[in-house]
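Participant: Chains as they are written, first to last, in this note's numbering: chain A, 44 to 237; chain B, 65 to 286.
A couple of the hints might just be wrong.
Quick list of in silico lysine to aspartate or glutamate cross-link-like pairs, EDC-like style, CA-CA up to 16 Å [to be verified]:
{"hint": "1", "chain 1": "B", "residue 1": "K96", "chain 2": "A", "residue 2": "E106"}
{"hint": "2", "chain 1": "B", "residue 1": "K96", "chain 2": "B", "residue 2": "E216"}
{"hint": "3", "chain 1": "B", "residue 1": "K96", "chain 2": "A", "residue 2": "E107"}
Take a look, some chain A residues computed to stay more than 10 Å from chain B by CB distance [what the hints assert, rightly or not]:
{"hint": "4", "residue": "T72"}
{"hint": "5", "residue": "C179"}
{"hint": "6", "residue": "A209"}
In short, the hints are calculated from the structure, not lab data. The beta-carbon is built from N, C-alpha and C at its ideal position, and this holds for glycine as well.
Read off the chains here:
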Amino acid sequence: MPDTDSRFFAGASAASTFQSALSLIARITLAQLFFIAALNKITDPQSFATAISKFQVPGFILEEDSQNALVVVSVFLVPWLELVAALFLIAGLYTRAAASVLIALLAVFCGAIYSVIAREIEITDCGCFGDLKGICRDAVGTCNLVQNGVLAALGLIALIVGGGRASADALFDPQGGPDAEADPDDADDEIDFA
Amino acid sequence: MSRFLFKLLAVVGISVIGAGVHLAGSWPVQLKAQPDDPTESTIVLPPLPRPSQPDQPEQDSVELVPSEPDPSETAPSEPVPSEPIGDDPDAEAADTPGSRTIVLDTIEIDFETAQLLHANGAATFVDARPADRYEAGHIQDALHISPAMLAESSSLVVLDVIDPEMPVVVYCGGGDCDDSHRVVELLQDLRGLTRTHVFTDGFPAWEAAGLPIGTGPDPWAE
Numbered sequence: 044m045p046d047t048d049s050r051f052f053a054g055a056s057a058a059s060t061f062q063s064a065l066s067l068i069a070r071i072t073l074a075q076l077f078f079i080a081a082l083n084k085i086t087d088p089q090s091f092a093t094a095i096s097k098f099q100v101p102g103f104i105l106e107e108d109s110q111n112a113l114v115v116v117s118v119f120l121v122p123w124l125e126l127v128a129a130l131f132l133i134a135g136l137y138t139r140a141a142a143s144v145l146i147a148l149l150a151v152f153c154g155a156i157y158s159v160i161a162r163e164i165e166i167t168d169c170g171c172f173g174d175l176k177g178i179c180r181d182a183v184g185t186c187n188l189v190q191n192g193v194l195a196a197l198g199l200i201a202l203i204v205g206g207g208r209a210s211a212d213a214l215f216d217p218q219g220g221p222d223a224e225a226d227p228d229d230a231d232d233e234i235d236f237a
Numbered sequence: 065m066s067r068f069l070f071k072l073l074a075v076v077g078i079s080v081i082g083a084g085v086h087l088a089g090s091w092p093v094q095l096k097a098q099p100d101d102p103t104e105s106t107i108v109l110p111p112l113p114r115p116s117q118p119d120q121p122e123q124d125s126v127e128l129v130p131s132e133p134d135p136s137e138t139a140p141s142e143p144v145p146s147e148p149i150g151d152d153p154d155a156e157a158a159d160t161p162g163s164r165t166i167v168l169d170t171i172e173i174d175f176e177t178a179q180l181l182h183a184n185g186a187a188t189f190v191d192a193r194p195a196d197r198y199e200a201g202h203i204q205d206a207l208h209i210s211p212a213m214l215a216e217s218s219s220l221v222v223l224d225v226i227d228p229e230m231p232v233v234v235y236c237g238g239g240d241c242d243d244s245h246r247v248v249e250l251l252q253d254l255r256g257l258t259r260t261h262v263f264t265d266g267f268p269a270w271e272a273a274g275l276p277i278g279t280g281p282d283p284w285a286e
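For reference, chain B alone in the conformation it holds in the complex:
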């Protein structure tokens, strides 16, 4: 029995030495309870579309008698500047009546905010779940970056697709799912992204709400 204990102590002892060296090499240890807070972003969304008036008569699509052309109709239409959607707080759209402003200053964002950002294309969505779940269904246009992928390689092609100037919204399976937080941490560490957020309700809430989803593999997957 003493030989068995000696062997046991040998295995544990070598482990302790290895752990000690590792700990010393990592000193000071900085284990974070959650990822760093993101850089504050202000997103200006365009006004909501006006509701159509039901009493308005339908326009006749057939014109029997040629009429004088209306100069305003024949003039080449100038491109209508789209409402700026971005994180520039000085954007003129902020003064546009009906425009909405979202301030992203927390790591976690709620369902409504995620929905607004997605509907207006104001953020890059990233699915942090395993590949099989991503392929079975994901938020429309979401990229696929899981912690396992980043652990294997920090130079994924899909990382180059992310616009560093736009907020990044990472989600996973909702609940206590941690993959999204891990991906946010890794994006912060590997790519220096600071406008990274976690959509805490995740894909289950998105799917349950009947919002746009996509299926199949990520086209940027290697």
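Isolated chain A (complex conformation):
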């Protein structure tokens, strides 16, 4: 059997069936939410800019007569991070890296939401998913933190388990599973989440 095939099967068997299924459900669920959210934001930058501005984070507030560079960068970069990470997650390619990006974004969102709660600013629409409403339909508050926490938990599953068997990682990166046999050449290349 060619060496490539043996590496493929080694990677495919790295994660158990349960882990693979868990990872598949987690990353597809997380990815589709971020995919839809990203498309909404990409197709309507103004709406996302307004949403960012409403959080009244210093430096991230829209101005009447000029363009705020931080808002502009955020409006264009964040949705693309969401979109690309979501596509990688759906494919199961670079699963852990993609999950890390989304977890980092969720951490930033949670920080912004917490700051709004702490400053007692009432925002009826967080703009988290563009114009689409998430689970939380009332003013931005604890519900949004819990919602993001659940999404972060899904991301953590993908980060810890990896892509599992039904992923591009299993095809191209046989070291993707947590129980994969360590390659002596890549001894320090993988994060051991097991």
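Starting from the known structure of chain A, fit chain B onto it as the hints suggest.
Facilitator: Chain B alone, transformed into the frame defined by chain A:
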């Protein structure tokens, strides 16, 4: 770890490239702090009805003896021209004693103005909240157009109901609710409406004041 960082950089790098291309395609970026100011409208409202006089005796509704018909009563009554309610500043009603004039020159309007416009049918009201909230209760006769609906389709049937010659008052849940501003922006962009306003106090204030509300789905909903 270096492989992980490489993968991370790959994901972020592709995102940056995508964002860069998107930004270049959108250049120059024009992110607005709020929707464009509306075209100034002058609304002339009819005079307030005179208070009824309590001492006036009630008219007897039964007439026992036929009397000579009063020519003024038998003459076919001509249609009484209603007081013009609109945004024509030259309207004669502006000179009518007791008439009130509202000048709409700002994007946001207050509670009293919204109430007057609604009571006189001088504006089209639009509810920008989600469908479930609209169905639970909305300003009477308000249409339902949410940002999500406009994001899905720019050719909604309900958009054809809006009279472009009349002011449009959009509201949502009050407070920092932004849906109304979004709908105003989209109506400006998609339909070229210029007489668009936001009722900032929104439905909570309207409901709390006990003003007319309706329930159920929008008949124009597709």
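Participant: Determine for every hint whether it applies to the structure shown.
Facilitator: So, going through the hints one by one against the coordinates:
The straight-line distance between the Cα atoms of K96(B) and E106(A) is roughly 8 Å, inside the 16 Å bound, and the hint therefore holds. Of the supplied pair hints, the one linking K96(B) and E216(B) is violated, its CA atoms being roughly 22 Å apart against a limit of 16 Å. As the CA atoms of K96(B) and E107(A) are separated by approximately 7 Å, the hinted pair is consistent with the 16 Å bound. In this structure T72(A) is separated from chain B by more than 10 Å, as the shortest Cβ-Cβ distance comes to about 19 Å.
With a least beta-carbon separation of about 12 Å from chain B, C179(A) lies farther than 10 Å from that chain, consistent with its non-interface assignment. Distance check on A209(A): its Cβ is at least 19 Å (rounded) from any Cβ of chain B, clearing the 10 Å threshold; non-interface status holds.
Hint compliance for this structure: hint 2 is the single one not met.
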